[in-house]
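Once you've looked at the hints, dock chain B against the given chain A.
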Amino acid sequence: MKRAWLLVVLALVALVAFSACRNGNESGTGTETGTGTPSAPGGADTNVATGTYVYPTGPRGEGVEIVIYGWNDELATAMARYKEMNPDFLYTFRPVTHFTDWDGSYEIGLNAALLAGGADAPDVYFVESAFAVNYTQFDFAHYAMPYSELLGVNVRPLIESAEISQFIVDAGTNPQGEVVGLGFQHTGSGFIYRRDLAEQIWGDGSPTAVAGRIGPGWDKFLEAAAEADAEGISMLSDMADAWQAIRNSPNPWIVNDRLVIDDQRMSYLDIGHTLYQGGFTNEGGTWNDSWFADMSGSGSRPVLGFLGPAWLINYVIAGNAGDTAGDWGLVAAPEAFAWGGTWSIVNKNSSAEVHAGLAELIYWLKLDTSDTGFLYQFGGGTLYDNSAIEYDMAKDMVSSQVVQRRLTQTLDFLGGQDMAPVFIEAGAAFTTRGWGPYDREINGAFSDWAMQYFQGSVSRDDMLAGFRQQIQDTLGFGS
Amino acid sequence: MRKKTKGVSYSKYGYIFSIPFVVAFCLFTMYPLFNTAFMSFTDYAGVAARESGEMNILGDPLELYKNLFENQLFVTSMKNTIKIWSINFVPQIVLALVLAAWFTSRRNKFKGQGLFKILFYMPNIITAGSIAFLFSTLFNFYGPMNYLLTDILGFLDAPFRFHESATASQLVVAFIQFWMWYGYTMLILIAGIMGLNPEMYECSEIDGANGLHQFFYVTLPNLKTIILYVLVTSIVGGLTMFDIPRLYNNGNPVNATHTLSMFIYNQAFGGRFFLNRAAAASMIVFVMVAILSIAVFFLLRDKDAVKERREIRASKRAQKLVQKGVY
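Here the protein sequences line up with chains A and B, keeping their order.
Per the numbering used here, residue 1 is the first one in the first sequence, and the count goes up by one each step.
Per the numbering used here, residue 1001 is the first one in the second sequence, and the count goes up by one each step.
Quick caveat, the hints were computed from the structure, so don't treat them as lab data.
Given the structure is predicted, the values throughout are model-derived calculations rather than measurements.
Please note: incorrect hints may appear among the correct ones.
Facing chain A, from chain B, some residues (calculated, C-beta under 7 angstroms) [claimed, not checked]: (1) 1050; (2) 1142; (3) 1145; (4) 1272.
From the three backbone atoms N, C-alpha and C, an ideal C-beta is built for every residue, glycine too.
With the rest of the complex left out, here is chain A:
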């Protein structure tokens, strides 16, 4: 019996010891990283001296490691390329890449790493449009280092002279008015369609003819969808393609801690209902085999087009288009929108040495408009040895209009059409000011509930009630 008591006492001692050590750790992390205090309200970018950024010379960064967090390896690869081109840049990289972004697990990993701090914390992290503002304007904004502070020069004039698209700057500006993140791609989007199918429907597949058929506005788009349907052609591959264009409303989902469904998003219920009930889409989902099959016309019905930006053409459609390549066209979408983009953010709590290395990288990636800058080489497809892929497909639209104008953005894939005018116009008409921190969850819930309504499983009122209830239940925002 005595021994049993001894055991209990031992167990309790262990318990107490562990809770004590836990408390110790906690205070340790707090002081080391200073994460407990919110970012000091530093001055806006205008407080930093205006000037030009000059790349450092001579050997630098030996033995210093930069931890890179990304939801793909695009920018980590670009940084490695910078190191290759600059032998004196001796920093080493530790890329942590989560390729499982579809369910939000990248953010969970990134959040945990930011909160934990220490040597394994990300020094630079890339955030996607679906959750970018959570790291620039909301919950995790206080980890983001203002670019002006990082570069030591006021970043505003640099942004202006590079003519970075406004929607990209807006999403990367923190509540104090400081730029803490910038994208490198221009993700203004359009309607990418098959000319042969358009010709079959309307007798003329040229962009000038099609532009007037499918827009502006969703009413015309739906009319066009009905006409396509009469020819046995689906307007879009999946409902998600349409939702992509509608969800980015200029108004936020959450206003004063309350959920607000604005007119634009509400209009999806009508647009989607017509598309679904009319059978105007193939409805096989996106980012899967059936979506890719629709790009080559081997799905259940031929699909006229896809709504998306330049990267959708180069990285997705082109690889799946098969024989249809070269017979595609591009026109403005029924509604101006942008899709995707990667904003790069530097961790405020990293060391000064790391910051110096990152200043160089961030300037090269986002603001250097010269011929040796990332933007020009990336946009023109000359950054890497691209001999393995068709030259055209290595091109991309970039954030800086100054660079953009120097690039030729005609694509053989689009029958020699210049993709720049359509995408730039869309980007100019688009704003990211309605983006919020929980858009991924809210958008996902809304489109799921909307689908139930389109399928006739629930009435429109029940759908809206169900959606509101879900947001209340998961995020605690009432209506």
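For chain B alone, coordinates are given in the frame of chain A:
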């Protein structure tokens, strides 16, 4: 001198050897349990709280528990979890029992038993993630299952939207759970049956019992403790179901495959970091598992042994009374 005659006590080594377990148990089970329980009464939520680690007990400590029962997603998750678990467990135990009885049958010796045991157990070895993705692809709108049902067998005129149907998604998740675990359950039951005294079977054979009689009157009653083990572990596993529903359809369509563990995970690590709410939900799951396990223990208790113990106690009491001279 007296001590020597008493002999060497080895029991202290038992206690020493159990220290690593006790310490590990306290650190990784007891401490998180108490910490979670405490957290469920506090305001520990949001990024700032995670950064500072500060917890303050709520004005109404039970507030989160009350709110949870008004949270429809939590209630739906609970219903889904119980539903999916029931749909998977009943056929699982039945099939496992039948297979176990066949494999241990003294009358019919199957050829290639080892091979079949391995094949049936195989789904349990493959990682849940792979299986979830496999089934997600199988039941895709353009997937092989629809191809089979429409083009090959001709049961359906048009492909069926498995991923967008609540019932279909729940059934598929339940099926995956069933398919992954019946082999495991079968092995446990086979082990249980092999441990039974073969004399019982011989006796019953002499008494003229056939295979069916033996199964119902010899095997089943003697397997009670093994079935109890299977049931309790299955309840624990079933109520904490997470990987398959999350990776198969991520809780969709509209939360039809959203389980309790997914609710806890999403509340704690997604969105607004409601760690306290997740802790309260965890405690509710803990209590549910405990109650269900106790209920199962009670239902499957050995009634004869209980009766026997009671009789022994009664007779002892009577003896004492006799000794005291009451009678």
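Each hint tested on the structure:
no.	hint	in the structure
1	1050	5 angstroms, holds
2	1142	4 angstroms, holds
3	1145	14 angstroms, violated
4	1272	6 angstroms, holds
Consistency note: the structure conflicts with earlier hint 3 alone.
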